[in-house]
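**Q** Residue numbers (the working numbering), protein chains in the order written: chain A, 1 to 163; chain B, 1 to 163.
It is worth saying that the hints were derived from the structure and are not from the lab. For clarity, every value in this text was computed on a predicted model and none was experimentally measured. A portion of the hints provided could be inaccurate.
To be verified - Partial pick of chain A residues on the chain B-facing surface, computed with a CB cut under 8 Å:
1) R4
2) F7
3) T13
4) A14
5) T38
6) N139
Unchecked claim - No farther apart than 30 Å at their CA atoms in a straight line, the calculated lysine-lysine pairs in the DSS-like style are these:
7) B:K120 <-> B:K131
8) A:K75 <-> A:K88
9) A:K75 <-> B:K161
10) B:K161 <-> A:K131
11) B:K107 <-> A:K131
Cβ coordinates follow ideal geometry from the N, Cα and C atoms, glycine included.
Number of protein chains: 2
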Amino acid sequence: MTDRELFVSMAITAWEAQNARINKLLTELSDDQLCAPTAPGRNAGHYLLGHLAAVNDGMLTLFGFGDKLYPELAKIFLANPENSDLTKPSITEVKYYWHEITHRLAKFVHENSVDDWFTKHTAVSDEDFAKEPHRNKLNVLLSRTTHQAYHHGQMIYLAGKNE
Amino acid sequence: MTDRELFVSMAITAWEAQNARINKLLTELSDDQLCAPTAPGRNAGHYLLGHLAAVNDGMLTLFGFGDKLYPELAKIFLANPENSDLTKPSITEVKYYWHEITHRLAKFVHENSVDDWFTKHTAVSDEDFAKEPHRNKLNVLLSRTTHQAYHHGQMIYLAGKNE
Numbered sequence: 001m002t003d004r005e006l007f008v009s010m011a012i013t014a015w016e017a018q019n020a021r022i023n024k025l026l027t028e029l030s031d032d033q034l035c036a037p038t039a040p041g042r043n044a045g046h047y048l049l050g051h052l053a054a055v056n057d058g059m060l061t062l063f064g065f066g067d068k069l070y071p072e073l074a075k076i077f078l079a080n081p082e083n084s085d086l087t088k089p090s091i092t093e094v095k096y097y098w099h100e101i102t103h104r105l106a107k108f109v110h111e112n113s114v115d116d117w118f119t120k121h122t123a124v125s126d127e128d129f130a131k132e133p134h135r136n137k138l139n140v141l142l143s144r145t146t147h148q149a150y151h152h153g154q155m156i157y158l159a160g161k162n163e
Numbered sequence: 001m002t003d004r005e006l007f008v009s010m011a012i013t014a015w016e017a018q019n020a021r022i023n024k025l026l027t028e029l030s031d032d033q034l035c036a037p038t039a040p041g042r043n044a045g046h047y048l049l050g051h052l053a054a055v056n057d058g059m060l061t062l063f064g065f066g067d068k069l070y071p072e073l074a075k076i077f078l079a080n081p082e083n084s085d086l087t088k089p090s091i092t093e094v095k096y097y098w099h100e101i102t103h104r105l106a107k108f109v110h111e112n113s114v115d116d117w118f119t120k121h122t123a124v125s126d127e128d129f130a131k132e133p134h135r136n137k138l139n140v141l142l143s144r145t146t147h148q149a150y151h152h153g154q155m156i157y158l159a160g161k162n163e
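Isolated chain A, as found in the complex (with noise of 0.2 Å):
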């Protein structure tokens, strides 16, 4: 094994293991509790969950791997706050969005080449991944698994523990 083909599949293997952790998350909790706050006056499950899936569907343009799948997620989970006055969509809807990008999302990560994830992504310019070379997809995908981490450690509170 390579060491470019350990880095990725380190880096896979924890991302991997968040959306498990998240997938687990909701099959646990009921829709009742997902739609609850996490805690008084914060965001709830619902609002975290659309706002993991925005952040997953941009990942697949962030990576060139095609277009979002539900483009219309960013402007009300990412560009805006919980209480905002835009339409959301039903946590079914939520949580199918949720599964469909992450399920995409996964087949691309799973296989992209070695090679491609020390490739920039498609937000950082050709010159100034020259000199700041750390700006690939791989390190994207390593923020992406911490702010994953981060909602998750809120979310887990809807499901009466305390971990």
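We have chain A already, so just place chain B on it with the hints.
**A** Same frame as chain A, but now just chain B:
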């Protein structure tokens, strides 16, 4: 820059950013805020900070950097839940321990050689490591980064923020 150097710098940057986020939060929270539950019935910031300090202390030994600075923290903040009847150090002490441990760990992380990150950590056998080369020190750093982000997502609720 070699692949190894690049990947190590990516992982260390992510780790340091995560520690910086916790440190920033600590500058924003009063001791009273830190001692409050992150949500009703959930761990207080006090306990979570002790938990993160104890985890980081364990990394010193996992990485072979030396002995734990405060080995007594593990029993209180890792092996037992917040509502155990163990006497906990004060919030002032926990903050002190956190800073001492994290500062020491950061020094070693910074000085560690690139190749050493790809050697096995002390909790895996030579035999297992030969079969599972991803069980190296850098992988521990990645997983601890995710773990810290998870609890950071909870601790941010103490700052009256909905992020």
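**Q** Compare the structure with each hint and give your call.
**A** Hints versus structure:
| no. | hint | verdict |
| --- | --- | --- |
| 1 | R4 | 5 Å, holds |
| 2 | F7 | 4 Å, holds |
| 3 | T13 | 7 Å, holds |
| 4 | A14 | 5 Å, holds |
| 5 | T38 | 7 Å, holds |
| 6 | N139 | 5 Å, holds |
| 7 | B:K120 <-> B:K131 | 11 Å, holds |
| 8 | A:K75 <-> A:K88 | 10 Å, holds |
| 9 | A:K75 <-> B:K161 | 21 Å, holds |
| 10 | B:K161 <-> A:K131 | 35 Å, violated |
| 11 | B:K107 <-> A:K131 | 26 Å, holds |
Consistency note: the structure conflicts with earlier hint 10 alone.
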